[in-house]
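Colleague: Given next are the chains, with one letter for each unit.
Protein chains: 2
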Amino acid sequence: MTKIAAIIGGGVIGGGWAARFVLNGWDVQVFDPDPQAERKIGEVMANARRSLPGLTDVALPAEGKITYHASISEAVQGAQWIQESVPERLEIKHATFAEVQAACDVAAVIGSSTSGFKPSELQQGAARPEQIMVAHPFNPVYLLPLVELVAVGADAALVEQAKAVLSSLGMHPLHLKKEIDAHVADRFLEAVWREALWLVKDGIATTEEIDDAIRYGFGIRWAQMGLFETYRVAGGEAGMKHFMAQFGPCLSFPWTKLMDVPEFTEELVDLIAGQSDAQSGHHSIRELERIRDNNLVTMMRGLKAQDWGAGALLNAQETAMRAGTVHGAVAADLDAGKLVETAHRTVPLDWTDYNGHMTESRYLQAFADATDRFMAIIGCDAEYIKSGGSYFTAETHIRHLDEVHAGATISIRTRVVLGEGKKMHLFHEMMEGERMLATGEHFLLHVSLETRKPKPPAPHIEAALVRFAEGHADLPTPEGLGRAIGAAR
Amino acid sequence: MTKIAAIIGGGVIGGGWAARFVLNGWDVQVFDPDPQAERKIGEVMANARRSLPGLTDVALPAEGKITYHASISEAVQGAQWIQESVPERLEIKHATFAEVQAACDVAAVIGSSTSGFKPSELQQGAARPEQIMVAHPFNPVYLLPLVELVAVGADAALVEQAKAVLSSLGMHPLHLKKEIDAHVADRFLEAVWREALWLVKDGIATTEEIDDAIRYGFGIRWAQMGLFETYRVAGGEAGMKHFMAQFGPCLSFPWTKLMDVPEFTEELVDLIAGQSDAQSGHHSIRELERIRDNNLVTMMRGLKAQDWGAGALLNAQETAMRAGTVHGAVAADLDAGKLVETAHRTVPLDWTDYNGHMTESRYLQAFADATDRFMAIIGCDAEYIKSGGSYFTAETHIRHLDEVHAGATISIRTRVVLGEGKKMHLFHEMMEGERMLATGEHFLLHVSLETRKPKPPAPHIEAALVRFAEGHADLPTPEGLGRAIGAAR
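Residue numbers (numbering that gives the first Met the number 0), protein chains in the order written: chain P, 0 to 488; chain R, 0 to 488.
Just chain P, same shape as in the assembly (with noise of 0.2 Å):
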């Protein structure tokens, strides 16, 4: 059966949620009476197609086609789900869903992007009240998963179906079983916003300090774990009550203001704390700890390679170190009789499988790092490389020798085995102290970025590459060097 969404209302939500459906394999029928409509749509589907579909291991299925239509009756022909997404007004919601129902399937989901109304109000007066739900999703649709599903008054079977489908679309249906003005998620959103209009108005912070302050103290930690299972690990062992015991006193500071206190009960802390041992307490505080470092660690290098946030704090701090030392020497800073070491560094937590050893494909980073160090080294670096040339990898043959867990220090030894014209063949020699753990050769072609094909290099970097290639020469071959598998066995 064709899946068919239905989608009222275009803009950034209603953009977003088709394109949720149709990169899921669903056909869209739109309807939008602004003329820009298809526009707006197709610009939140472009950067839906180049970020979505790849963010899982196997592909989305195909895609389904996207429509626009003269009218809500022909819109909701056909649809499973219909997603009203129009401006927060109560009587422009109430006409809506009144033009939706007149022609929709009555088997059908109704969802409201709404942030503000409870479902209650949405279904004033509605000819089949029991049809219209709360789907609340957050900016982007298309990667976020969190969608705040309000189905007070709604058919039971019809909200298990409404769950079902979220999944579907890889996101998650949070069941609020209350309905309250705003749901969950915005009344933190506007406590937050409040407070910061109050700093900026009293002059205590810039909106960048605010977001710094943010993104990068509390905003990592809340990607992975929230509040109450932040504060649970912030307890230690003695957990959830302990920690409830020193913050919670601080509820009575003026600090912001904000005035209105829920009263400390005892009861409320024994709620508290019974709530974070059903959601946390199949872990330890320590297994706790451990995750959430994983995790920072992952997000924090992840944000690196984009040189973002605290990633790009941690590129700052990078350059610092190397400065003044052999990391950030040239080729002429170098004696080209010897080995060069082109990396020194320790294995992150993110390089690693479940086990703690050192996950196969990293080994290949860390020797295209070290390549790229040499490169730098050899004058091929970040300023040579915009003026349009580079050396791209044509072969690589890695040998695994010895295994090494997150945390051991690692080092690179490259040796030119061969530099001349455009061809670069380095052999990578990459060591925990004096034990081998893999080898890595590479063969590399100088490359026109424009034309992607080779062509000679500068005449500086082919006189470095050469001059390591000379001096190198008269080492003594290391073994494994241009082996082919099978060949010895």
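Careful, some of the hints might be misleading.
[As the list claims (entries may be wrong)] Far from chain P, by Cβ distances over 12 Å, these chain R residues were calculated:
{"no.": "1", "residue": "Gly-63"}
{"no.": "2", "residue": "Ala-97"}
{"no.": "3", "residue": "Ala-106"}
{"no.": "4", "residue": "Ala-125"}
{"no.": "5", "residue": "Glu-129"}
{"no.": "6", "residue": "Ala-155"}
{"no.": "7", "residue": "Ala-156"}
{"no.": "8", "residue": "Glu-159"}
{"no.": "9", "residue": "Leu-474"}
[Claimed, not checked] Partial pick of chain P residues on the chain R-facing surface, computed with a CB cut under 10 Å:
{"no.": "10", "residue": "His-182"}
{"no.": "11", "residue": "Ala-204"}
{"no.": "12", "residue": "Asn-294"}
{"no.": "13", "residue": "Gln-305"}
{"no.": "14", "residue": "Arg-344"}
{"no.": "15", "residue": "Met-430"}
[Said to hold, decoys possible] Restraint-style ranges between C-beta atoms, simulated for each label pair:
{"no.": "16", "chain 1": "R", "residue 1": "Gln-160", "chain 2": "P", "residue 2": "Lys-385", "range": "55 to 61 Å"}
{"no.": "17", "chain 1": "R", "residue 1": "Thr-408", "chain 2": "P", "residue 2": "Thr-66", "range": "46 to 52 Å"}
{"no.": "18", "chain 1": "R", "residue 1": "Glu-120", "chain 2": "P", "residue 2": "Ala-163", "range": "52 to 58 Å"}
Source of the hints: derived by calculation from the structure; they are not laboratory data.
Just so you know, even glycine gets a beta-carbon here, dropped at the ideal spot from N, CA and C.
Chain R: place on chain P using the hints.
Modeller: Just chain R, lined up with the frame of chain P:
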């Protein structure tokens, strides 16, 4: 000169500071009257050692020494930095500073980890008030970069020195120009905590639901951009003023139980829009959207590798997508006379370099994933691996034949070159449609995960492997099989 830091007060925060300093090459002198201090700091140090040194791609300097001292006056001897992390009571802080200043170098920085007190409060009655400043870190101190530096009343040159030291430790000194109770970040934490207590107390949501509402939604956003930059992007090309016009009036809704609201004047809108331009105006909204999506994809895929939070959701989606397709099939379902499709996936954003091409090491990651998939097909799946056997890669040979961009759908077809006893020799071909991108030749040995030595696989695995080896023996020999680097030249 030996760099020495004195840590006054251990615990989670003091221990985190100790770890930051020691792992960055400082000697650390600890004073803490708790007889358990050495054990407690040792536990923090163990967590820090496994996670911090791998954050950067160059090794940190050699570790400093950590020593424990019987008095404050002994602990501060020779220290350039003294960090106070004693309990949050002003009279204890004052008594501590008196002892510190009676013995320490007048040129040392005295930082306080206080989350609540203002520097003017800390400085009251001090011998040298200008030496004391707030340096408020975030747990885990050894990983999170944020330090709120509030130095009103402190010596300006000393503040610059403090900023330089914190930066050298990989931290971000957020230098606040005005003092306020609880500084900035904790005011947000308190606002959210307060609202969360209400939600739990009123039975709207459990602690787990609240954590999910945070970590599957705005938590991931805030890990990279914070509040204002996120909203700037949400406002679209119309900019921050447009966003404020939409969201600002919501402040008059009594959503949260928090009543004191700044008046929403044009002046406040201009102030915020102006600061936001200064912060982010050098990127267009389209650029910011792409930067944001790159970051989100990178962090979510990082969490996927950790099988946690939003990443665990992706794994669940993937398992559901594999079910009932060839990507969930086992050997008995497949024709052994044909190459095996071991991957069908989209190149994700975090696999690409700055110009969108798939990065060298990700080819091996894709091949290694394909090998894992082939192992699962022949019965060497997660359950079998738990029983103590698996295949380890001994050698790899990759030929890079063509480039591929993020967003492309690639597939891998796998040929068994040899499969007998402990040996498995595979040849993967990576394709985008009919275009061959790379080949990966891999020699693996079956091992005991206990001894890490070769041993034969379980009979059903060997049988399944042999069946494919025999079935593939009659297929034409692929180009490039068994080749050594340099051999063809």
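Colleague: Determine for every hint whether it applies to the structure shown.
Modeller: Status of the hints after comparison with the structure:
no., hint, result
1, Gly-63, "15 Å, holds"
2, Ala-97, "25 Å, holds"
3, Ala-106, "23 Å, holds"
4, Ala-125, "23 Å, holds"
5, Glu-129, "22 Å, holds"
6, Ala-155, "19 Å, holds"
7, Ala-156, "21 Å, holds"
8, Glu-159, "16 Å, holds"
9, Leu-474, "17 Å, holds"
10, His-182, "8 Å, holds"
11, Ala-204, "5 Å, holds"
12, Asn-294, "5 Å, holds"
13, Gln-305, "5 Å, holds"
14, Arg-344, "5 Å, holds"
15, Met-430, "13 Å, violated"
16, R:Gln-160 - P:Lys-385: 55 to 61 Å, "36 Å, violated"
17, R:Thr-408 - P:Thr-66: 46 to 52 Å, "24 Å, violated"
18, R:Glu-120 - P:Ala-163: 52 to 58 Å, "56 Å, holds"
Consistency with the previously given hints fails for numbers 15, 16 and 17, ordered from lowest to highest.
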